Every structure is written in structure tokens, then in C-alpha cells.
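> Here is what each chain is made of, one letter per residue.
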Amino acid sequence: MAKATAFDPRPWYLLSPALLAIAFLVIAPICFILVYSFYINVDLGVDEVAFQFGNWQDLLTDSYYHNAIWKTFRMAVIVTVLAAFLGYIPAYFIAHTNFRRKWLLLLLLILPFWVSFIIRTMSWIHIMGNQGAINGVLIWLGLTDEPISMMYNEFAVIVGFIHVFLPYMILNVYVSLEGIDRNLEPAARTLGCTPWQAFREVTLPLSLPGLAAGSLLVFVLTAGSYVTPIILGGPNDFLFGNLIYDAVVSELNWPMGATLSFTLLFLLGIVVVIYSRFMGLNQLYKALS
Amino acid sequence: MKQDSTKRYEKLREVMGNGDIDRRSFMGLLGAAGLVAGVGGGIMTTLSRQALAAGTELHFEGWGGIVSEALRKNAFDPYEAKTGNSVIDATFGGEEEVLTKLKAAGSIDGHNIIHSSGIAWYKRWVDNGYASEINEKNIPNMANVMEAVLKPFRAVTPDHLSAAPYDYGTTGIAYNTKYVSEADAKAMGANLLLNKELKGKIGGWGGDWANRAWYGALQSGQDPNDITDWDAVWDKVREHRGLILKYWSSGAELMDLLAKEEIYVTEAWSGRVAALQAQGHPIGYFDPKNGLAWMETMFVLKGSPMAEAEELLNFMLAPETSIAVAEGQKYPPALDPSKVEMTDMVKGLPAFDPTGKLDGLVFRDPVKWNEVEKDQKKMWNRVKKGA
Amino acid sequence: MRAWNLIKIYTVLVYIFMFAPVAVVLLLAFNSSQFGGFPIEGFSLRWFAKLFENEAIMRAFETSLILGVLTAFFATTLGILASLALVRYKVPGKEWITTLLISPVLVPETVLAVGLLIFLRWLSMPRSFAVLLLGHTMIALPFVVLVVQARLVGIRKEYEEAARSLGANPLQTFFQVTLPLLMPAVFAGALFAFTISFDNITATIFWRPAGSETVPTQIFGMLRNSVSPEINALGFVMIVITVGVPLMAGGLARYFARKR
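Chains as they are written, first to last, in the numbering used here: chain A, 1 to 289; chain B, 1001 to 1387; chain C, 2001 to 2260.
Certain hints may be false.
[Said to hold, decoys possible] Derived DSSO-like pairs (lysine-lysine); straight-line CA-CA distance at most 30 Å:
hint	chain 1	residue 1	chain 2	residue 2
1	C	2050	B	1260
2	C	2157	A	102
3	B	1289	B	1196
4	B	1302	B	1385
5	B	1384	A	71
6	B	1385	B	1199
7	C	2094	C	2157
8	B	1378	A	71
9	B	1374	B	1151
10	B	1368	B	1384
11	C	2008	A	102
12	C	2050	B	1073
13	B	1374	A	71
14	B	1347	C	2050
15	B	1151	B	1137
16	B	1378	B	1199
17	C	2050	B	1082
18	A	71	B	1196
19	A	71	B	1199
No lab work stands behind these hints: they were computed from the structure. All values reported here derive from a predicted model rather than from experimental measurement.
With the hints as constraints, model all of the structure from the sequences given.
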């Protein structure tokens, strides 16, 4: 900072409250967590201060953890891809519609959040359960005699995730579509493109940053979850987050919990780095303009 | 903060007068300033109100819902009116959560009395150094508590109690009478949960390793309080896992799964089944041989104001309060039915023992179970995930 | 045009998907039976009556509202300041700072929650409403920063420069030029922050001070026995407020505008 070129302090005044908050509430706690990962867990809830790599060794050698990482990665990819396919078109619609109250369409997207997350997730049981709405209609129509099982499997978990995270995707894509010059597509058309070509050659590439930002958010949020699989999944549906929760809250083994947390953080960090290699991290906010 | 806002109004009005600011942004800023003043003021009043409140504060943490409503009405409010102390009641998601918080915070600040489950947790709190010493003379209503209930706790802490036993129940087997006959269910006992014909219609509690292991022991023909072959236990748990629709993790979920016929059989908490039966669902319930019984206590943490806590426990143990709570949560109270007249509703609850001796119930031996907990709990968390 | 119709239908379907659970909750708020499955057994308002009688839920609702509003206020303020700095000034290491600001999204909440508790112990600070508020502010901050920054990039510097050249000081410029232009993003960011705070459960469980319940923690506690349909009624009330109030305000505004 002591360089001779005039140092402008003004942005730092503006940044300091937010950075202080982050330093105090994120960085410091994470440092404490890192320290904890070297401790030894002697008994439930009893830790011994130490500097050893036992927890890390467990993590690297035990296939139980690797399996969970793989499952989590797989689930996050599935949810992200589906959310992208499901979310792009509505975002396109909102951006291009002539409907006067666009804000209403956007507000409607966040509306489900007002109903508590647990209640909202559990309400899928009312829809897809054996006595749920879908089976009710199918039986009423005589299409089936026996209710079809749809709950408590991977499918239900995916549905639950998409429902919760789709708004993040739609909003991100919408914002980047909204920023594209409206004349570009017609211009492409006059140059002889079919509507599909015009979309594919002009609009889609320009909206990619928004799509990427939305995908990153959905990916990260999915990979860090643990409640949805507990409520909607069967015995085989769990994510890395569930391991962390088990270690910290049920086994009261904070050193292992800290190790696992750090691992998740590190893996997600890699995803962010890869993302920023391709997109540049500033796209994450530019996409929203 | 208030002065600042006033100054800002003044400044703003000046600027307004000079015509520097248009009317709309003035109103906007005024609104923002008002918000800050209001919010700041609101917090200040709350804080000062807290500071002004006389008397001791007691923090109670329990399972919320019906239980806390009944306690609030029958115990906390009369206690506050009589003593001038205040009871702050909160809801927890489980005792692990409270222990996590206490450990992290390094003090019992904001925690005094906990609605704690079972002797195993009693021992855990004691082992972690949270055992208070209750003077039973200050709790006259303790005399009504069943001797059979007190005994195991006195075994853990011979010199004094750290908690007042409050209610008990069993974790038996629930089955849908439309699909499983009573005769079949009782004939199969704990193995009903391993019935291959019911694949995909079986449930199980995923929240507690010891509960799972208890049933694994029953299914592998061992005495649950003297397990010698843990591999056999976990093999049975794996077998069960392969047949179930899902592990439920809360009473709400258990009731939902049974009521909606997603599952036909599961082990279940007696009180939750009683609640389903009261609503007219065709759910039967029985305790298999050596079925699991448990009790809950009101545990007082070390460092709490004891005299006040004891008086509060006395209010909570009063027969009318205990019975009201029991009727709400559908678990019988720890009071001795031979000393206290119970209502018909309480008498009809599953697991209720009119003799007050609890001879038919088997509780967990805390010494045996706590010593293996660290390893076996880890094992369970893995088996649960298919390892 | 045919393609546009397909898009329209597709969008409607996605909205139906988004609203199915909400619709279920709203319908069940009027169902008379407790284990509200389908078909609905009877219409009743009793869950609303019970909701308003239930002090614990109403108190939790109040706490959640206050917490949400304050979180929105602080997160938006911090977010605007930080975004201004990042967009309007040359800051070394801008990318890193942005990463830092959005880092709370990347860290699993359980980790943040427990980490902060350990840190507080080290500082020997007790849990309090202020800690909870700070925590929520931090969780909401990334979303506000993302939205506000994006909008700010889109506001051309020339407007601000024009104001400055006409003699406005930086504060005046901000309040009279930048802020009004930024308003949609501020509103969206605040809404996001409020929503995130209102719905947060994982971290709240760990941070809340003794005796304070928010709506999600209250529901979480109710899970052990059974969740009462009062919660559905609460959802109904929330949605009516959040959709109804802006719609009514818009309608009234138009009505008066026409009168004039």
C-alpha cells in the first residue's frame, strides 16, 4: 500500500463494514474450524487439543467418505442440469413478454419461500404420496387401482431440490437476458437466420453468463444441503452434508466434523475456481445486470 | 441514535427549504430515518425492559408444541405469578443440539432445565460435568414420583439427584390393522420388522443408534442389555434397512407415514401411536418381549439457581400439571398411580402401568450402553448409509 | 408465434410446478382434519383461530419479522456500500474481494454456525439477538451484493458525473441520482435478504439466544410430536400479506392517479 502512486482510501471506507463482517463472521470461524480438524476426539463431546493428521488420514483412506463425495457430486450435477433446462425457458418468457407486470411474475417466483422450508418440502408428500393428489387423480380416472409409489427415493429428492433452487436459476438467467439488446435477434432474422438459428447464434451465447451464474449457485447450494434428503429420501439418499451433520451434532465429534467441513469447502472452492477460469468470477455479478 | 436522527430531520428540512431536494426523496429519507429511529428505539426498550425485570430468570428447554403449552399454562404462569421469577421456555431439536451449544459456548448461560430423555442422557450430562445437586426437601411433590422410576437415576448419582423424572413411554411396534392381524403381529414380535412380504412398507427410526441396536439385539436373539455379538446386531439392522421405505426422523413424520399408509409396520413411540388411535386411525401397538422402555426427566444443569429451580420443579410435578402434560403429549407421568388419582385418559395411554412398579418394562442400562456409544454410534451412522 | 405459444405453455407448467406445494399448503389451511391428506374432508377456519390464539407461534412470527426486516436493512446497507466501492472505484484485488463477499454462500451453514459459536466462546461473548442478526446479515449479504452490483454496473457513470458537475456533493449525488436508479435492485436485494432470514433454520438453531424462537425453529421443535395445520394457516397469512399488499398499493395508486 505504501507505493508512491496515490492510494485512494475512499473505496475502503465503503468496503470496510462488509469486509469486517465477513472477517469476523466467516474467516475467523473457519480458521477455528481448521484448527479443530487437528484435534483428537476422545469420547463423545470430549476433545483433546493436539496437532495430528488422524482425521485427515481417515478422510483420505476411508471409502465411506469418498462414496458420499461422489453421491453429492452426482446429485449436484443432476439438479443443476435439470434446473438449467427447466429454468431457461421461463426466464426467456419473463424477459420477452409484453405483460406489463413483470415484477409480479418475479415476485411469484420468490413467493414459495414465505411458506417455511420444512413445510414446503413436506408438502410434496401431499402431492406425490400414496394418498397424495397425483395418485388421487390417477385412481379417480381409473388409470390405476393401486397407488404408484413416488416418494422416498432419489426422484423425490431431486424434485424437492429443484423446487427450492429453481428460482435462483430463473432469476439469474432472466437478468442476463434482460440485458441483451432487443434488436439483435430481429437483426439476425433479417440476415436470413431462422428464429431458432437467431436464438442459438445470438441470444443463447449472450445469456450464457447468467446461465453459468445460476448453475454455480444451484450446484453449490445443492452440494451443501442435508435436510431435503432426510425428509424426502429413502435410506440410500444422503449427501456429504448429512455426514457433517452426523459428525457434529449426533456423534459430537467436532474434529472429524471440522475435517469434513473443510473438505466440502475445499471441493466447492475447486468448483468455483474452475468456474472462474471459464467465466471469470465477475461474470457472476455482471450476469445479473 | 435518536439525536442523530433529529439532527438529520433538521438538516433535511433546511435543505428542503432551499429547494435542494425534491419532495419525494425527502419523504423517502424521512421514512428511512424514521425506520432507523424506530428500530433503534425498539431495541433499546426491549433491552431496558429486560434489565428492569426483577427476579431470577430460569431457562427451560423442551420439545415444544403441546408439552410447552401445557407447562406454560399449568406450571410456568402460576410459578411466575407466585414468585416473581420468570421462566423463559424454548424449544430444542434434541439434546445433542443443546450439548453442542453448551460445549461451544463454554458456559450454561441461558440454559437451566432440560427436558431430557432417558437414563443414558442423564448419565451423559453427569459425565460431562453438568450434574447439579437437587435438595429433594424443597420438592414436596417428588414424594409422589414412582420409586421404580427414581431407582435407576439414584444408581447413577447415589448421593443426590440432578433431575426430576417426569414421564415415561415405550418404543414398541406399530402396525396397520388393515394389513397385519394382531395375532400375526404378536406372534412375530420384533421380527415383524423383518417380514419380507412387507418390503417397502416398513419403517424405522433413524434418529437414535441405541434404539436401532436394541431392535437388532432382539432380532438376533440377544439380551439388549447384554449384547455380546455386535456384528449380529448390525447384520439384522442391515437386513431391516434393505426392507424399509425410509427411516423417519421425527414424531410428526412417524404419524404422517402411518396415517397415510405409506408404511404398515414400524417401531414407534407409544405416545404418537396413542395420538393416532385417538384420531381414529386403524393402528395397533404392542411391546415385544424385552421391548424398549424409557423415561424422561427435567434435568437441572450445574450452575443454575437451585432454590428457584427446585420450586419450579415442584410446580411442574404437581399432579394437575403432570396429568395435563401427559394428556397433551400422550406419555404417562412419572407419578405413582397408587398415590395420585389419574384421569381415564391417562389410564388408557399405552405403556401406562397402574401398579406404579413398572415391573414389565425394560430400560436401557446406562453403563453398558454409554461405554460402547462412541464406536457403535459411528457404526450405526455408517450402516444407516449402506456401509 | 407457434414457438412463443410453446414457451408460454412451458412457462405456465413451470409455474404450476413451483406453486403446487404452496397451493397444497394453502388448501390444507382450510382442511378440517389434522392429517390433512386428500381428499379434503371439510372446510374450516379453525386453524386460523388456533393460529391467532397460539402465543408461541405468534411470538415467533413477530421475532422472525423483526429479524427479517433488520437483516434486510443491514444487509442492503452493507451490500450497497460494498458494491459502490467495487463498481465505482479501482480497487486492487477486486476479484478476491468479490469472492470473499459471496463466500458465505459457499460455506456449509452447519460449519459457519458451529465455527461462529467457537469463535464467540473465544471472545467470551454470549449468544444474543445481535449475534443472530449479524449472522443472518452475513448469510444474506452475498445475494444483496450480487443483485446490487449487477444493477450498478448497468447504471451509467455519466449520470453521476453530470450531477457532480452541476455542483452536487457526493452524498447528494448518491441520494438523488444513484439511489433512485438503484431502487429496483435495492428492493430486490432487501426482499431476498428478508426471505433468506425468514426461512433460515440451520444456522438459526445454533445462534439464537435462549428463549427466542423464529418461525422455522418453532416448527422444527413441533416436529417431534406433530406439526399442526396452524402452520399452513400462517403460510396463507404470509402469502396474502406479501402478494396482497403490493397489489393493493399498486391498485390504489392507479385509482388515485386516474382521479387526478
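> Give a verdict on every hint.
Here is what the structure says about each hint:
no. : hint            : verdict
1   : C:2050 / B:1260 : 24 Å, holds
2   : C:2157 / A:102  : 26 Å, holds
3   : B:1289 / B:1196 : 21 Å, holds
4   : B:1302 / B:1385 : 37 Å, violated
5   : B:1384 / A:71   : 15 Å, holds
6   : B:1385 / B:1199 : 18 Å, holds
7   : C:2094 / C:2157 : 19 Å, holds
8   : B:1378 / A:71   : 20 Å, holds
9   : B:1374 / B:1151 : 26 Å, holds
10  : B:1368 / B:1384 : 22 Å, holds
11  : C:2008 / A:102  : 14 Å, holds
12  : C:2050 / B:1073 : 16 Å, holds
13  : B:1374 / A:71   : 26 Å, holds
14  : B:1347 / C:2050 : 28 Å, holds
15  : B:1151 / B:1137 : 17 Å, holds
16  : B:1378 / B:1199 : 26 Å, holds
17  : C:2050 / B:1082 : 28 Å, holds
18  : A:71 / B:1196   : 28 Å, holds
19  : A:71 / B:1199   : 25 Å, holds
Checked against the numbered hints given earlier, this structure breaks only hint 4.
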